[in-house]
Every structure is written in structure tokens, then in C-alpha cells.
Amino acid sequence: MTQIEKFSYDNKSVRNFAVATAFWGIIGMTVGLWAALQLIFPALNFATAELSFGRIRPLHTNAVIFAFVGNGIFMGVYYSLQRLLKTRMYSDLLSKIHFWGWQSIIVAAAITLPLGLTSSHEYAELLLPIDILIALIWIVFGINMFGTILKRRENHLYVAIWFYIATWVTVTVLHIGNNLVVPVSFWHSYPVFAGVQDALVQWWYGHNAVAFFLTTPYLGLMYYFLPKAAKRPVFSYRLSIIHFWALIFIYIWAGPHHLLFTSLPDWAQSLGTVFSIMLIAPSWGGMLNGLLTLRGAWDRVRNDPILKFMVVAITAYGMATFEGPMLSIKSVNAISHFTDWTIGHVHVGTLGWNGMLTFGVLYWLIPRIYNTKLYSVKLANTHFWIATLGTLFYTIPLYWAGWTQHFMWKAFVPEGYLQYGNFLETVTAILPMYGIRAVGGTIYLLGVFVMVYNLRKTIVAGSLIENEAAEAAPRVQHVKVKGEHWHRWIERKPITLLLFSTIAILIGGLVEFFPMVLVDENVPKIASVQPYTPLELEGRDLYIREGCVGCHSQMVRPFRWEVERYDIMGDAGYSKSGEFIYDRPFLWGSKRTGPDLHRVGKKYQDAWHFSHMREPTTTSPGSIMPPYPWLYENDLDVSLLPAKIRALQMLNTPYPEGYDEKALQDLEKQAAEIARGLKEESGYVDDLEKKEIIAIIAYLQRLGVDIRPAPAAVK
Amino acid sequence: MYKYILERAGDLDWMAIVPLLIFTIVFAIVSIRALTAKKDYINRMASLPLDEN
Ligand code: HEM
Ligand code: HEM
Numbered sequence: 000m001t002q003i004e005k006f007s008y009d010n011k012s013v014r015n016f017a018v019a020t021a022f023w024g025i026i027g028m029t030v031g032l033w034a035a036l037q038l039i040f041p042a043l044n045f046a047t048a049e050l051s052f053g054r055i056r057p058l059h060t061n062a063v064i065f066a067f068v069g070n071g072i073f074m075g076v077y078y079s080l081q082r083l084l085k086t087r088m089y090s091d092l093l094s095k096i097h098f099w100g101w102q103s104i105i106v107a108a109a110i111t112l113p114l115g116l117t118s119s120h121e122y123a124e125l126l127l128p129i130d131i132l133i134a135l136i137w138i139v140f141g142i143n144m145f146g147t148i149l150k151r152r153e154n155h156l157y158v159a160i161w162f163y164i165a166t167w168v169t170v171t172v173l174h175i176g177n178n179l180v181v182p183v184s185f186w187h188s189y190p191v192f193a194g195v196q197d198a199l200v201q202w203w204y205g206h207n208a209v210a211f212f213l214t215t216p217y218l219g220l221m222y223y224f225l226p227k228a229a230k231r232p233v234f235s236y237r238l239s240i241i242h243f244w245a246l247i248f249i250y251i252w253a254g255p256h257h258l259l260f261t262s263l264p265d266w267a268q269s270l271g272t273v274f275s276i277m278l279i280a281p282s283w284g285g286m287l288n289g290l291l292t293l294r295g296a297w298d299r300v301r302n303d304p305i306l307k308f309m310v311v312a313i314t315a316y317g318m319a320t321f322e323g324p325m326l327s328i329k330s331v332n333a334i335s336h337f338t339d340w341t342i343g344h345v346h347v348g349t350l351g352w353n354g355m356l357t358f359g360v361l362y363w364l365i366p367r368i369y370n371t372k373l374y375s376v377k378l379a380n381t382h383f384w385i386a387t388l389g390t391l392f393y394t395i396p397l398y399w400a401g402w403t404q405h406f407m408w409k410a411f412v413p414e415g416y417l418q419y420g421n422f423l424e425t426v427t428a429i430l431p432m433y434g435i436r437a438v439g440g441t442i443y444l445l446g447v448f449v450m451v452y453n454l455r456k457t458i459v460a461g462s463l464i465e466n467e468a469a470e471a472a473p474r475v476q477h478v479k480v481k482g483e484h485w486h487r488w489i490e491r492k493p494i495t496l497l498l499f500s501t502i503a504i505l506i507g508g509l510v511e512f513f514p515m516v517l518v519d520e521n522v523p524k525i526a527s528v529q530p531y532t533p534l535e536l537e538g539r540d541l542y543i544r545e546g547c548v549g550c551h552s553q554m555v556r557p558f559r560w561e562v563e564r565y566d567i568m569g570d571a572g573y574s575k576s577g578e579f580i581y582d583r584p585f586l587w588g589s590k591r592t593g594p595d596l597h598r599v600g601k602k603y604q605d606a607w608h609f610s611h612m613r614e615p616t617t618t619s620p621g622s623i624m625p626p627y628p629w630l631y632e633n634d635l636d637v638s639l640l641p642a643k644i645r646a647l648q649m650l651n652t653p654y655p656e657g658y659d660e661k662a663l664q665d666l667e668k669q670a671a672e673i674a675r676g677l678k679e680e681s682g683y684v685d686d687l688e689k690k691e692i693i694a695i696i697a698y699l700q701r702l703g704v705d706i707r708p709a710p711a712a713v714k
Numbered sequence: 000m001y002k003y004i005l006e007r008a009g010d011l012d013w014m015a016i017v018p019l020l021i022f023t024i025v026f027a028i029v030s031i032r033a034l035t036a037k038k039d040y041i042n043r044m045a046s047l048p049l050d051e052n
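Residue numbers (numbering that gives the first Met the number 0), protein chains in the order written: chain A, 0 to 714; chain B, 0 to 52.
No wet-lab data here; the hints were simulated from the structure. Hints may be right or wrong, so weigh each one.
With a Cα cut of at most 16 angstroms, we get these calculated EDC-like pairs of lysine to aspartate or glutamate [said to hold, decoys possible]:
id : chain 1 : residue 1 : chain 2 : residue 2
1  : A       : 602       : A       : 570
2  : A       : 689       : A       : 636
3  : A       : 227       : B       : 50
4  : A       : 230       : B       : 50
5  : A       : 668       : A       : 656
Derived list of chain A stretches under chain B, where covered just means 3 residues or more per stretch with a C-beta under 8 angstroms from a C-beta of chain B [said to hold, decoys possible]:
id : stretch
6  : 151–164
7  : 234–242
Even for Gly, the Cβ is constructed at its ideal location relative to N, Cα and C.
One chain only, chain B, in its complex shape:
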């Protein structure tokens, strides 16, 4: 199965590569930012639904 998927991936032309690249970059930035965000900020955000009256 995975072989088949990989073979198929060879059909991609630049039209498909560009979006993949863009996504990879966006994903990398978002992940780094999210993972390095300060703990107290994250905790405060996470508690937003709970801290109303």
C-alpha cells in the first residue's frame, strides 16, 4: 500500500509541490510559536471558557 502511495506521489508536478511547501512553512512557524509560548499565557487562554460567572 505505502509503495503505491509513494509511486503516485511521483505524479505531482510543481503545481502540487508549491502548496505543500507553503504548508510546511506555515506549519513549522505555527508549531514553533505555539510550543514556545509562555506557560502563563497558555494557562490563561485555556481557562477562558471556565472563568465566567
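Chain A extracted, bound-state conformation:
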């Protein structure tokens, strides 16, 4: 008999992450609700820059993904890893640094995003200094996790841990890959890749942020907490092995399904479609494995709110992963892309899968680490129904809105004109749906408050077992026997597992990128496409700061109904990849709450933009776009201009040599010209040429102009 060792589990870190999960959940969803309300009542931004939709939308997504789900992941990992490996976390100090480091990143995000400090890459909006902090804290988490794995008392690594390992590796690779930038100042930088390539890298990242932040770690949690809550082992461990390898292998390739019908080369789009469709198999394998774990225990599901949350979570996972592959089929994506269908899909996944599983785990775990019983099972049941209802009220109207919008966008009258030529008609038509969505969001959020109350009562009734005593035999080192099972060998060797998962995810990434980056012909050049003027460049950076990309796409897809609507002059056609070669970052967008802007240049007079940006309803009655009064008060900050020009030159933007010194002159000249035009027409304020609005107008008027045949293209 081997000596039994005594040790303890660290529950304090688990508790901290749990509290943070609930706290940031409320904050993140409140911001989401607020964004939802602004879409119906634009006045709710109080004409304040920091509160406008374009800035709080990324605040919502970052808060719910990285703060709510992020802390949820850490809570679950810290709880399950220790118990599965029969050892305490590797280092209490690292656990502390991890916890407080992550919270400080979130606080930094909550401050910088409303200030308009954003990269505009979806789900990677945070800027370089914060990115570096994220990398450091992520490495701390990695060391703590692998340290724990190395000092484990249990030889075998349960499948949940593989999911954790794959998550860690992939997020590391993604985070580095998508943040390759050339710094201009402390905050500001330009991405190394431009246009189509930037888009490909971004959606390789963006897709896998969904896959490896919202999915794989949560599957790990499912494989641990579901058997715990159901008090029975997972339905099929064999299936879980196949699930794991197939999932991480395929997931990484599917990124291009976010870029169907865009200027991305066809072969890359097809690859995305094929792999996305294949994803159904492992995803549903995982879902069935989860649901079948409960076979014969359905009577318990009826009474146990925790199991109910888990069942609905897994079902929502199944729905989202069935819907996702459908959305990857080109003919379906033609409908869903840019509409609220995507938003509906997103929230089936996030409210249903991530939200419900988080709630289930919280209800299961809090009473245990506080050595007590849940304050009220009845309230938890109530929460379950509220959350389910909220999810339905949130998502169903958005499907309706998405389809309505699409069919209005593409409706033609028999004479061959667009039936709803005014984009605004397609917006006002779906406002009632937005209203119901906001109700759904309110209900869902209410449920979270009910949970917090219930857990708070539970916590007060119990007392935290900071260090939970445990005992186990020390690990017996396995000697490799001849002919030993391959899989046994691999799961015993965490480093090998790490290596294999890294190889699996790298193959996918590399196959996608290398051809794009190396093969020049993938992005055909267009001779008339020129770099932005300094004023336009500054205007573009303001467009990014204000988060215009959250509502406006810059990608006219090759459909008759899109070309007809957006190519007003009828001479530019759909968006070509060669038009984006100076776009750092690319700004194609993923949601068209407002119209596409890629062909908006010279569509209107400067004066139209001038009135529109100050109060959108003056030119577009009924518009829900927020007003931007501050652009008319702030002087344009040109202090970084020379550095920006130099950085872009370094990235091969063909500005003439020494242009960094002359750029300001050109900027002032162009600004003065625009301002003169505006003053003549309407006698506006003094110093107009110095204001930010001039730069934005210059940028908007440039969009899509270069590709038009001369004389419009003469710049």
C-alpha cells in the first residue's frame, strides 16, 4: 500500500472567479440591454460620445465574452482541474495574479472602449498595451495550469482537461496572430496586414474566439460538471475522445464562413463552407453525449434546476451548432449575413449555451464550497423559466427581423427598381422586433438578479471552506509497456497532448494564411486605387474611434440587389479585393444596422453629411443613428500624423519619400477646401476647417471613388 498524502483544494480562487462571473455578467448584459434600447430610443446615448452605440457595442461584447464567460471558464477550470488531478493549484500566488490581472484587464477595457480606443477588430478591440497585459496574464494562467498538471496525483488526464489545454494553446496562438501591428504611439497602431488579408486573419481569429473561448472550454466544463450534477459518468467516453480531436481539428479551418461572398478568394470561402458543414458531426456528437448522459435520469431532471439549466444549455449548443453550419452554406449566408439573423444565432449560443451552463455550474458549486445547501431550489427553478423565456423573447424576434430585412433589401418591383429603395424603410420595419428583443433581454437579466439574490443568501448561510481538505495516493509513474494503447500514452503525457493539439490547430491556420500572404495574385491590384490623403486617413481613424463599423458594412456583395442599392452611379459595381489594399484595418463590418458605405463617396454633398452627422433625423427622418455633436466641437488631433505616415510607409503604402513632413500641409489644404464649401452654402461656424467632422466627411467622400472610371477617380 502506498502512503496516502494529505493536501487541500483552493476554493478561494474558485469563489473569487465565481463572484466575478456573476458581477461582470450583470454589467455586460446591462450594457447589452442598453445597446438594445438605444436601437429603439437613440436618445438614450444622451448625445455623449462615451455612451454612443458604436462605442458601447464592443463594450458589451468584450464584457460578456471575456469578463462573464472568461471568469466563468476560470471558475470551472480552477474547481475541476484540482479535483480531477487530486492536487492543489500549482501556485497560490499565480492564482492571485491571474485573478487580479484578469480583472484589471476588464477594467482597462471598460475604460478604454468608451473612450473610443479600439482596433475595430471584432472581439479583439483592445489596443496593444492591454493586449500585452492579456498575453502576460494568459501565460500566468498557463503556467499555473500546466504546473498543476505536472504535480498531479492522478495519472490520467480526463477529457475535460484536454479541452482546457486546447483552449489555452489556441487562444495563445490566436491572440498573437491577430495582434500583429506596427505601433504609432502608446495606444495607436496599424495592423501588419491590410484589406482582404487583414479580414482573413481577423476572422480566423474571430471565429476561433467563438470556438475556443465560448465553446471548447465550456465543453470541458460540460464533461466535468454534467456527470457531477447527474451523479453518473458521461454516456460514452469513447465518443468524447473522437469529439475532442475532430472538433479542434475542424474548428480552426472554418473562419472564412464569416467572409462568404466577400472579396475573399473563392477557394478559401469553399474551404470555410466544407469544414463548417463537417462541424455538425463532432458538435452533435458532443451534444448527444451530454444529453444521453442523463438517460434514465430524466425524472431527476424534472426536479433539479441545475440539471435543467444544463439540459437547456446543451440543447442550445446543439441548435447553435446546427444553425451555424447552415449559415455557412453560401445560399443561406446570402440571407443571414449582415442581418439580425446573425445576432439571433449569436444569442442562442451565448444566452442559451454559455449563460445557462454558467448558471448551472454556479448553482452547483457555490453551495459546495460554502458547505451548505442552496438557499432556494424554488427560486432557482424560477430563474430557469425566466432565463428560458428571456432567451426565446430575445432570439425569435431577431430571426423574424433578419428575414424581413433581407427580403426587403432584395425586393424588386416588376419595372426593375428596388421596392424599398430607401434603406431606412427596412430599418423602421423591424423596430417592433427590436422592441421585443429588448423585453427579452430585460427578462433574461432579471433572471440573473434572481440568481445573485439566491446565491447571496446561500453564501450568507454557509461559510467558505477556503482550503478544502483532501487526500490521495501519490502518483505512480507509469512505465511504458510494449504494445501499450496509443491513446493511453498520449493522455498520460500532457506535453505531448499540448504538442498534438498545437499541431492540429496550426495546420488549419497556416493552410489558410500562407497562400493569402504569399501569393500576390490572390489580391488583384487595381491601378486607380491610391492611398488615403492625410485628412482622409485621420477621418478613417475617427470612423474607427466612433465604432461606425458596428452598424455599417463596407462590402457590397456581388448580388444584383446590393449593387443596385449601393452603386448609385452604376459605374463601380460590387466591392473588389483590390480596393482594400490600403485599408488598415479592414472595415467590412458584420452587421448592417445602417446601409453599406463602401460606395457612399460623392453620393451626397458635403453639406448633407454635415447635417446628417450632427442630427441624422434632419436628413433621414426616423433614423436611429446616433447624433455626433462632439465631432463639431473637437479640434482634429493631428499630432500623430507624421508617425502614422511613417508607419504606413514601413508597411509599403506608397506615400512619397519625406511625406511625413508634408502631410500636415496637405491635410490643412484639403480641410480648408471642404470647410469653404460648407461655409459658402450655409455660413457655419468659424474654425470649421479644424474640426473633426471635416476629416470624417473627407473620408466618407472618398469611399468607393477610386474604382470609378475617370474623371471621378482623379484625386
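Chain A is fixed; fit chain B with the ligands onto it per the hints.
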């Protein structure tokens, strides 16, 4: 619908075929290994979350 998907599949060039092949091979190996693993090993692994204190 399936016809459309199949037609589209014709657009794949070698760049897309190679990953598909690699995946098929990996998938085959993993499946065979998982399905032929010994019963007591599988049972022991599956019970890991449950057998702590
Ligand atoms: C009370 C609950 C919530 C409300 C009211 C809400 C509301 C919103 C709104 C209004 C948008 C912008 C949609 C648009 O631009 O048209 C949005 C986007 C988004 N939300 Fe939520 N949300 C909630 C919960 C969550 C949760 C829990 C998550 C993730 C865990 C999440 C993830 C996202 C993501 C990823 C997007 C961006 C979608 C895209 O760009 O395609 N949301 N949400
Ligand atoms: C087999 C699994 C899945 C596939 C193949 C898939 C596929 C897709 C597709 C095709 C889109 C639309 C892209 C576009 O037109 O722009 C999309 C968007 C999205 N999906 Fe999924 N999905 C899957 C599962 C999930 C799950 C489980 C979640 C959440 C937990 C999720 C979250 C999202 C988000 C956040 C977006 C919005 C991205 C953006 O445009 O900002 N997906 N997905």
C-alpha cells in the same frame, strides 16, 4: 440544396483538398483507436470526475 453544395465543392483546389485529406486520416486514426480501446480503461476514465472525495 445538396446539388448546390456539390457544385460548389467543385471549386475546391488542392489547397482545400490537402486539409480535407489530413483531417480524414486523423479522424480515422482517432476513431479506430477510441473504438478499440479496452473497456476497463474507458470505464476508469469515465469515472474520474466521480471518484474523488
Ligand atoms: C441581457 C442579455 C443581452 C442583451 C440584451 C444583449 C444585447 C445585444 C445587442 C443589442 C447587440 C448588438 C446587436 C446589433 O448590433 O444589432 C449584441 C451583440 C452581441 N452580443 Fe449580446 N446581449 C445580451 C447577452 C449576451 C451574452 C450573455 C453574450 C455572450 C456571452 C452576448 C454576446 C454578444 C455578441 C458576441 C454580439 C455581437 C454579435 C455580432 O457582431 O454579430 N450577448 N448583444
Ligand atoms: C458548428 C458550430 C458553428 C458554426 C459552423 C457556426 C457558424 C457561423 C456562421 C456561418 C456565422 C455567420 C457569419 C457571417 O455571416 O458573418 C456565425 C456567426 C457567429 N456565431 Fe456561430 N457557428 C457555430 C456555433 C456557434 C456557437 C456555439 C456560438 C456561441 C456560443 C456561436 C457564436 C457566433 C458569433 C458570436 C457569431 C457572430 C460573429 C460576428 O459576425 O460578429 N456560433 N457562426
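Hints and how they fare:
no.: 1; hint: A:602 to A:570; verdict: holds (12 angstroms)
no.: 2; hint: A:689 to A:636; verdict: holds (9 angstroms)
no.: 3; hint: A:227 to B:50; verdict: holds (10 angstroms)
no.: 4; hint: A:230 to B:50; verdict: holds (10 angstroms)
no.: 5; hint: A:668 to A:656; verdict: violated (20 angstroms)
no.: 6; hint: 151–164; verdict: holds (count 5)
no.: 7; hint: 234–242; verdict: holds (count 5)
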